[in-house]
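Taken in order, the sequence shown gives residues 1 to 151; the numbers are from UniProt numbering.
In case anyone wonders, no lab produced these hints; they're calculated from the structure.
It is possible that part of the hints are untrue.
[Said to hold, decoys possible] Computed cross-link-like contacts, PhoX-like style, restricted to lysine-lysine with a CA-CA straight-line distance of at most 20 Å:
| # | residue 1 | residue 2 |
| --- | --- | --- |
| 1 | 98 | 69 |
| 2 | 24 | 108 |
| 3 | 19 | 108 |
| 4 | 82 | 92 |
| 5 | 92 | 81 |
| 6 | 81 | 69 |
| 7 | 69 | 82 |
| 8 | 69 | 92 |
| 9 | 108 | 98 |
[To be verified] Pair by pair, the computed Cβ-Cβ distance ranges are:
| # | residue 1 | residue 2 | range |
| --- | --- | --- | --- |
| 10 | 107 | 63 | 40 to 46 Å |
| 11 | 111 | 140 | 41 to 47 Å |
| 12 | 105 | 15 | 54 to 60 Å |
| 13 | 123 | 3 | 20 to 26 Å |
| 14 | 86 | 26 | 34 to 40 Å |
| 15 | 49 | 4 | 20 to 26 Å |
| 16 | 98 | 8 | 17 to 23 Å |
| 17 | 18 | 73 | 24 to 30 Å |
| 18 | 102 | 123 | 29 to 35 Å |
Computed from a prediction, not measured in an experiment: that's the story for all the values here.
Even for Gly, the Cβ is constructed at its ideal location relative to N, Cα and C.
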Amino acid sequence: MTSCSVRLQIFLELQAVNKELCSKFESCLGASPSRVEILHYLLQHEEVTQSALQGEVNIDAAAVTRHLKQLEAAGTIVRYKKSDDQRATWVKLEEEAKRHIEQSYQEKSQFVNETLADFSEAELEQFLKMLNKVRVNVSSVTKNQLGGETK
């Protein structure tokens with residue numbers, strides 16, 4: 001097998017694993033990885049502006065707004081304005097939601113442990129290094145490098 005076809009096979013396998021991982025994660029935990037990331041961040045912070053939350057979780061603004069509207073409708077979060085700054089929308093978790101999220105950490109931990117079962121610690125450390133290298137490479141790719149034009 002040529003180096004190019006191995007690289008393509010790895011890329012396709014990463015895409016397939018990501019798709020399956022997200023699907024299984026969502027069905028096991030009842031929430032998408034993006035929503036879990038939002039809730040985790042809110043659990044760690046008493047209150048945060050919606051724009052700061054969007055920057056921290058690295059999800060586009062429209063998706064964050066959609067998630068927050070759904071979470072607000074479900075009674076999980078509260079969005080509000082402060083009297084001294086009507087421009088910013090603040091977000092915080094409801095108390096009951098905090099308890100539920102803390103309980104779901106056990107489920108998330110079990111999911112992660114089962115997903116990475118049968119790997120030695122050395123294999124996990126090497127795998128993490130390789131994934132970090134892929135992430136760095138992906139973040140440095142530009143359209144110009146791929147022969148496309150930017151406008």
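(message) Taking the earlier hints as the rules, which of them does this structure contradict?
(response) Violated: hints 10, 11, 12, 15, 16.
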